[in-house]
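Visitor: Given the structure of chain A, go ahead and fit chain B onto it with the hints provided.
2 protein chains.
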Amino acid sequence: MNRKEPEQFILDHLQKRISLTREEGDYFCSLLQVRKVLARQYILQQGDVCRYESFVYKGFLRSFYVDDMGVDHTLHFAMEDWWIADSASFLGQEPSMINIIAHEPSVLLQINKQSLDELYLKFPVFERFWRILTQNFIVAQDKRILNAIALSGAERYQALIERYPTIENRLAQKHIASYLGISPVFLSQIRKKRHK
Amino acid sequence: MNRKEPEQFILDHLQKRISLTREEGDYFCSLLQVRKVLARQYILQQGDVCRYESFVYKGFLRSFYVDDMGVDHTLHFAMEDWWIADSASFLGQEPSMINIIAHEPSVLLQINKQSLDELYLKFPVFERFWRILTQNFIVAQDKRILNAIALSGAERYQALIERYPTIENRLAQKHIASYLGISPVFLSQIRKKRHK
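Here the protein sequences come in this chain order: A and B.
Residue numbers for the first sequence follow my numbering, so the first one is 155 and each next one is one higher.
Residue numbers for the second sequence follow my numbering, so the first one is 155 and each next one is one higher.
Heads up, some of the hints might be wrong.
Repeated chains share a single entry, so a pair holds when one copy, or any two copies, can fit it.
[Claimed, not checked] Simulated pairs of lysine to any residue, SDA-like, Cα-Cα distance not exceeding 20 Å:
hint, residue 1, residue 2
1, Lys-297, Val-203
2, Lys-346, Leu-245
3, Lys-347, Gly-335
4, Lys-212, Ala-304
5, Lys-276, Leu-174
6, Lys-297, Leu-229
7, Lys-276, Arg-171
8, Lys-276, Ile-172
9, Lys-297, Thr-228
10, Lys-297, Gln-247
11, Lys-170, Glu-234
12, Lys-347, Arg-194
None of these hints come from the bench; they were simulated from the model.
Same shape as in the complex, but just chain A (with noise of 0.2 Å):
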């Protein structure tokens, strides 16, 4: 029997990092919840519990953290094919300091914590899909880190929007400001030499 779109969508995403069986792949799927989610809709709010990791099947959320003056400042992004949670609140299971929101109509399949931990128990083959995933994640981290250290902030922006040619058209300056550490101003600026 074929599978499902999504859930072959989020197979071929496991399968390009791990081998896996019919059964596992079962398994795995029958633990998903899909979830479609509004424009502007939150899927996680500051002082909650991040309940779910998120695979976005279709759509585009972001991170932020609003400090006591009230300033949005973007983490993360995700778009099709990604992840998104709050790592701490979401292993500890305590209240989160951030928020996460959908900025396209999306869907997504999450997976909650207590599956999860079964899961690696059930098929440890799971352990090595979220190391392969998780190492991944710190080397893009580490490349961010040493960017905003080595780059100008024209140079961080012609290679984000390079690595994410969709980005500009998906995200607003002023968050894509935010992400790459400088002001909505100088990135406009930057922009209009680009475009001259």
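Guide: Chain B alone, transformed into the frame defined by chain A:
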């Protein structure tokens, strides 16, 4: 037969996170190479491939990036019971962008990538160990990013020395300042106020 002390120390570190049989522990220890380094000795230099994950049995190390102007930016540090490596270089076995230096005479237990890959296949429980270790590292990094946004320089310094009381004696002020993303002059002012 009792184990030698460095081996027992790293097995205790593992067994805080996973359960190991005697056979798994013995096999893991057989893959480790003990490396002694002097203060100011490099275990990784920019342009070289990071060949090992290094566990600190004794000592203190620091990873840093040197920019085009010759400025040294502290990325991470590691003391007893921690691991240090350049993940991008180690996982991809490609030239590193960073340096890792010992600040004290240190004793490391090192494992190379081929041994680690074989270990994962032979005993998948080590996938679990590295999955947990890596996720905890992400939680710590996320917290560091949040602190950089939410706390003042003085508060970040306070949080650092509360968490790592010995760091003031182990790491030069200029490196602590660079790790916290503040100037050495500003750090010196913070310390003066604190010690009054």
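Visitor: All hints, please: hold or fail.
Guide: Tested hints:
1. Lys-297 to Val-203: between (29 Å within a copy, 16 Å between copies)
2. Lys-346 to Leu-245: So Lys-346 and Leu-245 fail the 20 Å test inside a copy (43 Å) and across (38 Å) alike.
3. Lys-347 to Gly-335: Result: close within a single copy only, 19 Å intra versus 29 Å inter.
4. Lys-212 to Ala-304: For Lys-212 and Ala-304, the Cα distance exceeds 20 Å both inside one copy (33 Å) and across copies (32 Å).
5. Lys-276 to Leu-174: Both, since 13 Å and 17 Å are each at most 20 Å.
6. Lys-297 to Leu-229: both (14 Å within a copy, 11 Å between copies)
7. Lys-276 to Arg-171: Classified as both; 19 Å inside a copy, 18 Å across copies.
8. Lys-276 to Ile-172: both (16 Å within a copy, 16 Å between copies)
9. Lys-297 to Thr-228: both (17 Å within a copy, 14 Å between copies)
10. Lys-297 to Gln-247: Only across copies: Lys-297 and Gln-247 sit 15 Å apart there, 28 Å inside one copy, limit 20 Å.
11. Lys-170 to Glu-234: within (15 Å within a copy, 36 Å between copies)
12. Lys-347 to Arg-194: neither (31 Å within a copy, 45 Å between copies)
When each numbered hint is compared with the structure, violations occur for hints 2, 4 and 12.
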